[in-house]
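Peer 1: Here are the chains, one letter per residue:
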Amino acid sequence: MTTGTGTQRFGGGGPLVYGLAAIVAALTLGPVVYGALGGFRSNEQLARDPAGLPDPWVVTNYENVFSNSGFWTYALNSTAIAMITTVVTVLCGVMAAYPLARYRFRFREPLFMVFVLGLLFPLAVAIIPLFILITRNLQLGNTWWGVALPQAAFALPMTVVILRPFLMALPKELEEAALIDGASRVSVFWRIVLPLSVPGMITVGVLAFVASWNSYLLPLLLLRDEMRTLPLGVADYSTEFSADTAGVLAFTTIAMIPALILFLALQGRIVNGLQGAVKG
Amino acid sequence: MTDQGATMVATRPEEGAARRATSRRAAARPPRLGWGQRLEVLLFVAPALVLMSIFIVWPVVSAVRMSLYRWKGFGPMDDFVGWQNYSLVLGDDVFTGAVGHNFTIVVASIAVQLPIGLGLALLLNRNIRFRGVLRTVVFVPYVVAEVIAGVIWFQLLQPGYGLVDTLVGAVGLTPPEQGFLGSPDITLWTVFVVLTWKYVGLAVLLFLAGLQNIPQELYESAQIDGASWWQTQWQIAVPLLGPTIRTWAFLSMIGSIQLFDIVWVLTGGGPANATTTMATYLINQGTSRGNYGIAGAASVVLFVIALVMAVLYQALVLRRDSQEAR
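So the sequences go chain by chain: A and B. Just so you know, numbering that gives the first Met the number 0 puts 238 at position 239 of the first sequence, and the rest follows in order with no gaps. Just so you know, numbering that gives the first Met the number 0 puts 298 at position 299 of the second sequence, and the rest follows in order with no gaps.
Calculated from the structure, these hints are not laboratory results. Positions of the beta carbon are idealized from the N, C-alpha and C atoms, including for glycine.
Each pair of labels, with its calculated beta carbon distance range:
hint, chain 1, residue 1, chain 2, residue 2, range
1, B, V63, A, V58, 47 to 55 Å
2, B, I115, A, P55, 36 to 44 Å
3, A, P194, B, V310, 33 to 41 Å
4, B, P238, A, V32, 36 to 44 Å
5, A, S186, B, V106, 50 to 58 Å
6, B, K71, A, G69, 30 to 38 Å
Chain A extracted, bound-state conformation:
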């Protein structure tokens, strides 16, 4: 859309623009590249020349991570928790956003405000009673669901806020036609609205997945031993083997890859999905 013929000569780039872009790219990627390259070096190399390239390239750090059984357990936990969180968030989110977008009733705006208010509750405020609730009352401490369900609850406000304008923008004609043909609202939702909402659901789904994959505080309090997730593994590893900088960097690099791939692969869709949400 932005690539009109006018912009071709109007908003292009001169040397200054490219220079600026190069600096930005270097500053942004620098730390991540340092981490990834650091994993290919020995600790002795890192100490001798912090700014250099690996010489020779060392693969044992990465091999050690992959042959570490703890790593695979953490990766499995992270994946399972992130997937449960994503499915629960997206399903509950799109269901809640649907009547807020399509039904017209007196308490619609107040109901929507409940979700907007939900944005204001920081996890940190609720964390200690949440810990007690999950471990003692629900007996879900140290389980996947014990982390995934509260994460979904905290992801829901943002999900509904993003999905509602998205659903409002969908064409109404298909639904109206189906309703006139005598379909119930519920079957219209499952058969028409849900398939049409897939792009919006991908946006919020990726955001929920990445947030869950990256989350730290809740798993830190709830998960122990072989139930821990990758971010906890990274934090533990970096304190436990603080002398083994190269090993820490290798572990860290591998832990960030899945979220990175998922987000970058679907980045275009995320920007499109957010357009509705930032309209004001």
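Once you've looked at the hints, dock chain B against the given chain A.
Peer 2: Leaving out everything else, chain B in the frame of chain A:
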């Protein structure tokens, strides 16, 4: 022209068609739903409301209750102390210092990250080569987990042999002796630099999404009138991005008030409490020290501050957007 554009951007899609404009007038008195439809609404909204009630509302209410008791986390909660925990928290220099740190980050984030984010978004909205690659690159830190960013930066900032000290030394400056994370005067700013690195990508993401809503014709007609690139950006793009910028600022404020992960990994709140935030304070009180009542009081204070900030922001700043939309 700007006004016209603002209306276009602020108009919700549902209000576009003329037929819907009529139904909008009726929205002042929405129809009563039949019982069947009420049941449907309830059915659709219930799962979300149940989850949020159990995992958000109930714990927050419990935090309020917990804040009124002296309680170590076990046995019955029966030692009612009223406001005592609040006076302990508000009288604790470490906590009031933490509030100051949070507010410093709130103000600095908006003052520094807004111009950088806006500049990058405008730059990446230009038709330059490698635009797609650059957009991707800018998001990378945002996608990296706070803990992982913290661990990498911790290594980069190691005093003496870390890459940052080496680079600072290479340009002829002397890095601080205790390192950037060990000197109380500068550690908060070090944390802020890391936060900026991590979160500018979010601003760019939102601003780019907002920029795509601006009709291309506006730029084109300005161009025909002889406006330069800078003029079109300042007089069309930036004003029309207003609602997006205000939404971002709101999210940024809320995020800065809740700051935890990066600080916990980078400094643990030190040195000498120089980077303690409200969240690290309450986690420390609740988990390491077992002072659940004090942690509860601190979390209530944190929530009240977030709420007051949000209400003020809504009343003073965001209200303009919803009025413009009418």
